[in-house]
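Chains as they are written, first to last, in this note's numbering: chain A, 5 to 343; chain B, 5 to 343; chain C, 5 to 343; chain D, 5 to 343.
Some hints could be false.
Which copy is meant is left open, because identical chains are indistinguishable; a pair holds if it fits in one copy or across any two.
Quick list of in silico lysine-lysine cross-link-like pairs, DSSO-like style, CA-CA up to 30 Å [claimed, not checked]:
#1 K322 with K204
#2 K332 with K139
#3 K204 with K139
#4 K275 with K204
#5 K93 with K275
#6 K139 with K275
Note that these hints are calculated values from the structure, not bench results.
4 protein chains.
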Amino acid sequence: MTVRVGVIGAGMIGQDHVRRLTEVVHGAEVTAVTDLDAERAATVAAAVGAWAAADGAELIGLSEVDAVLVTSWGPTHAEHVLAAIAAGKPVFCEKPLATTAEDCLRIVEAEIAYGRRLVQVGFMRRYDAGYRELKRVLDAGEIGTPLMVHCAHRNPTVPESYHSEMAAQDTAVHEIDVLRWLLSDEIVSAQVITPRPTAKRFEHLRDPQIMLFETAAGVRIDLEVFVNCQYGYDIQCETVGETGLARLPEPARLAVRSGDATRVAVPQDWKERFGAAFDVEFQEWIDTLAAGGEPTGPSSWDGYAATVISDAAVEALKSGRVVGVTMKDRPAFYAEGAR
Amino acid sequence: MTVRVGVIGAGMIGQDHVRRLTEVVHGAEVTAVTDLDAERAATVAAAVGAWAAADGAELIGLSEVDAVLVTSWGPTHAEHVLAAIAAGKPVFCEKPLATTAEDCLRIVEAEIAYGRRLVQVGFMRRYDAGYRELKRVLDAGEIGTPLMVHCAHRNPTVPESYHSEMAAQDTAVHEIDVLRWLLSDEIVSAQVITPRPTAKRFEHLRDPQIMLFETAAGVRIDLEVFVNCQYGYDIQCETVGETGLARLPEPARLAVRSGDATRVAVPQDWKERFGAAFDVEFQEWIDTLAAGGEPTGPSSWDGYAATVISDAAVEALKSGRVVGVTMKDRPAFYAEGAR
Amino acid sequence: MTVRVGVIGAGMIGQDHVRRLTEVVHGAEVTAVTDLDAERAATVAAAVGAWAAADGAELIGLSEVDAVLVTSWGPTHAEHVLAAIAAGKPVFCEKPLATTAEDCLRIVEAEIAYGRRLVQVGFMRRYDAGYRELKRVLDAGEIGTPLMVHCAHRNPTVPESYHSEMAAQDTAVHEIDVLRWLLSDEIVSAQVITPRPTAKRFEHLRDPQIMLFETAAGVRIDLEVFVNCQYGYDIQCETVGETGLARLPEPARLAVRSGDATRVAVPQDWKERFGAAFDVEFQEWIDTLAAGGEPTGPSSWDGYAATVISDAAVEALKSGRVVGVTMKDRPAFYAEGAR
Amino acid sequence: MTVRVGVIGAGMIGQDHVRRLTEVVHGAEVTAVTDLDAERAATVAAAVGAWAAADGAELIGLSEVDAVLVTSWGPTHAEHVLAAIAAGKPVFCEKPLATTAEDCLRIVEAEIAYGRRLVQVGFMRRYDAGYRELKRVLDAGEIGTPLMVHCAHRNPTVPESYHSEMAAQDTAVHEIDVLRWLLSDEIVSAQVITPRPTAKRFEHLRDPQIMLFETAAGVRIDLEVFVNCQYGYDIQCETVGETGLARLPEPARLAVRSGDATRVAVPQDWKERFGAAFDVEFQEWIDTLAAGGEPTGPSSWDGYAATVISDAAVEALKSGRVVGVTMKDRPAFYAEGAR
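Input sequences plus hints: build the corresponding full structure.
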């Protein structure tokens, strides 16, 4: 069975996912596209023989749409996801699930009311081969009980529109999700430390930032977020347990020995670093839907948790204090192994 | 346009390629399958909704078959490839193109007579990300004119049916092809050195072997072929040029520090090491055919050359001498950039 | 000129330094030894043909002693160092310079009053080849202005006598000194975070600890101190600057590929990791004295600063708060380049 | 007991060893120096308070000389070593022991006639930490029975006086010695393959060369000698055994991530790469003599073997053929463990 996907939002990411669903993923086709910019929607739709819908509501209602992909502007996510749930259609929502915890909760409640998982949130790191191997090692107890995680998330540069709160909401949110999943644990507090800022940034931006998280089990996470590091897109993750440590591998790159040194290139953007993870993420999503199952990736609850925790990090940045994460109790609906 | 592929040979490799064409590659479908074992052909065909043809001749003639994939027993390759050329259908032939240089030449001549490239040979290393980066570095002159290449091809073990000549014909043939391509150069002689054999092999097998090749430009290649190395599937390639060297990267694997050491896993088989290369190889083949182009991968001529060179290596093994490679002049039809 | 050294304290470290001064370092001889345990002093002294002095005071006064090495129990350091200054003799004091900031200050004042540097404190990391290369890279601006430093100090295990405050006073004190030197900067605050403790420790010990330091220039340092990590003695230091990062090299160790992995051994103790640094440290000290110069290594002021900062870290551990470092103004006597 | 060393040959290497014996090694002093250039001898001698002897014969005869170090021009080695044996004095001779196999044999015979080992040859790699660890791993059977060794010896450039035969006699001779020792095996044949020469060399020089050696046990060694590789001084050694492989570590060097790559410096000369090995080599020699023992390092026999084998390599280069090594039977005097 081919899963017919309707895409809400035809910007850069949306177009890349249309390409992915059309040219890479098996078992999917894009049957409808919509965008605030109707002309853009029409162009993107035409290229893959899809219908250009007037808006999200029309798209979700189309009988030719089995599943919905939301890649529109963040503040519109909640509305589309809720509409998809109301229509009983599976919906893949790029992060964030919603821009406020309240909206995330409304989605969680709607999904529980529906009685079946429909929502998957686009945290692609869970599909990266290195992180998956890291989880296997942790789950197998090869380094004992985890105690600490040291992470870094570095981008070469960011555009002027990037502001200080985005370090948590847009950047660290990936680590927040993947660490909750790696550790099978919940983050309960956040603190943000602000080193001397790099001179190589727009004046309004606080960069770098060091985020400190604590989990319910007492694991301590330190995460360097440095979005103007100049030299590349560099993701580091080292987990220290009672009997050993495991470190995410560097991407495989040629070693060239010349001049007076050995030189190994560093990836320059997230597409180079996580392109394969996106492919796996969408293939698994489509495979699950095609088999009639509920999505197994990051859930509404994970989207809610990531928003609450990144909100806490923003508050920690503003206040300079340790901020507790105030999260609802996890509904049984989302308990590990529940679905 | 979907390329409809007929598959001749439904053994392990054939089945894996059927899966690949069906579940991974875009733009292809398997419409016919044949095998000496008719029952096996029927089972494999049924699973993907394809026709189980009685034999290669019938399969090649089917109007539902746009392109042919030959994965049958080596000695039957030539017959099927020639039949495909006679039918004017593109044909992808797993190595070897044919088991004798004479048969390879017949294919070359048939293809030239046809006037258009139809044949691609399954040397997948040209599609591996590491080898491609190595070729980019060489072509860009980053290490100067190449002078030497040091290679190793190691398998953990081989079955009892593997015999000494297969070290050249089945194993080294991959390096032979990829080095001709990497260096844009031709191999002109072969020598084989036989170290003390490992005790961990079947008695009839000479293992390891060290093969020495010389190219027309004077590049010297040493290749360790060791098919019972016990510890893993390990492919090494280091190219030394006038101003530097470049080394194929190790696969990206987690570093785990525990006990008293840091430990990084080694791949255990070719699927783990080259699975992604196979996917790219077939996707590019299908994309080229779908666009109406001639195949751009390893040609009949490359298949002929690999056979002649591996034959020389076998003779070198038997004689203990340096054996010159006696190859026809490369037809203009196959000149670099000709097609 | 041979420098005649008197050694106060003939325990394990003292004996190792006697061996080093006698068998490794050039231009030194050990002419006197003393220890609380007179018999031990006699044995150690006899082995190298030195005089067994009754106590530190006698030893310092001997005309056969040109320079004093203090390796006795920490609480006795101040007394011996002050006595050496009073006698106008150069004195090398193993860390700590003194167990209280007050005593350190008394030494600083005595030295200033004497008018010439006599004291060097035993922080050996400044003599490690890797740290020296790191300092060269930082000073050359190869990674731009430093912004953050990520460190780890891991021991396989510690004895039962090791208590929670020693994580700062005995272990982190090495990073405190070497980072002040690497960055040419001063530490101004400390915070300690306590992850879930490892089960593999004595009950009374808080292990691991994460120490956070801020420097006057705003550099942020995170330091994992984990003294029961089980797998080895592992020192990590990564400095992140505005345009790049530099990481302390792993010790050179053989890579062995067997089983199904590549394995590289991790050092098991500080002697294996820093043995060469100790040799260089003492050779440079002796060379300077032999040439009639003032010691150039870590000064009384550095010893004072390390004590004040580790005291702040201990207070931070106890209070759970960020603790400002209250340090006297650096006397001109100890200004960089002053001496 | 201090060993009083007389140094024959006060050129660059000789001066470096005088410094080493005086400033680094313990238990030695240089009491006499001689050189063809009497003025140079006088200067070097005066600097360390030694006697400037008129010639080797006078120097060897001095009662103030306990042991002789020969670092003069190669063709004079045999004469001085034989004179030292005649005087019953231990003699350390830089490689080569003698420039002809005949002269080496005369030394071997003289030493056997004397009845006690007096001679040590300056092959310093046996004292390098990496090679020693490699030998430990081999001897412990961690990679099973050795089957192959892949080596490379690269220099950035060589002076115009370096000619093609020196690739074997001066450069490969180090690998010849260290491999005989690593494998506890004898080399029985040599072959030399000549890749296309680099353009970055003096016209008269054949560079690079690939040398192939076979041992009595059937181990096959391939050694790339490339003395104008431009980028650095690079020594590689990988030993492949029946169950695994072990590779000499790269020197520990800082990793700097900047620009768009991670960069690790390569050593630029042998002093940077093997300086520590020289120190250990001389310290162990002096320690053995001081204890009244026979030298335990490379023997006269090893010097003879290295000369015979490098002669075979030169003949192989000239003839293009496999050349058998014709060596006398190893005298019981030099049997492993004999002394």
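Status of each hint after checking the structure:
1. K322 with K204: For K322 and K204, the Cα distance is within 30 Å only inside one copy (22 Å; across copies 38 Å).
2. K332 with K139: within (26 Å within a copy, 49 Å between copies)
3. K204 with K139: For K204 and K139, the Cα distance is within 30 Å only across copies (22 Å; inside one copy 35 Å).
4. K275 with K204: within (23 Å within a copy, 40 Å between copies)
5. K93 with K275: Classified as within; 29 Å inside a copy, 37 Å across copies.
6. K139 with K275: Both: 22 Å inside a chain and 22 Å across chains, each within 30 Å.
Checked against the numbered hints above, the structure breaks none of them.
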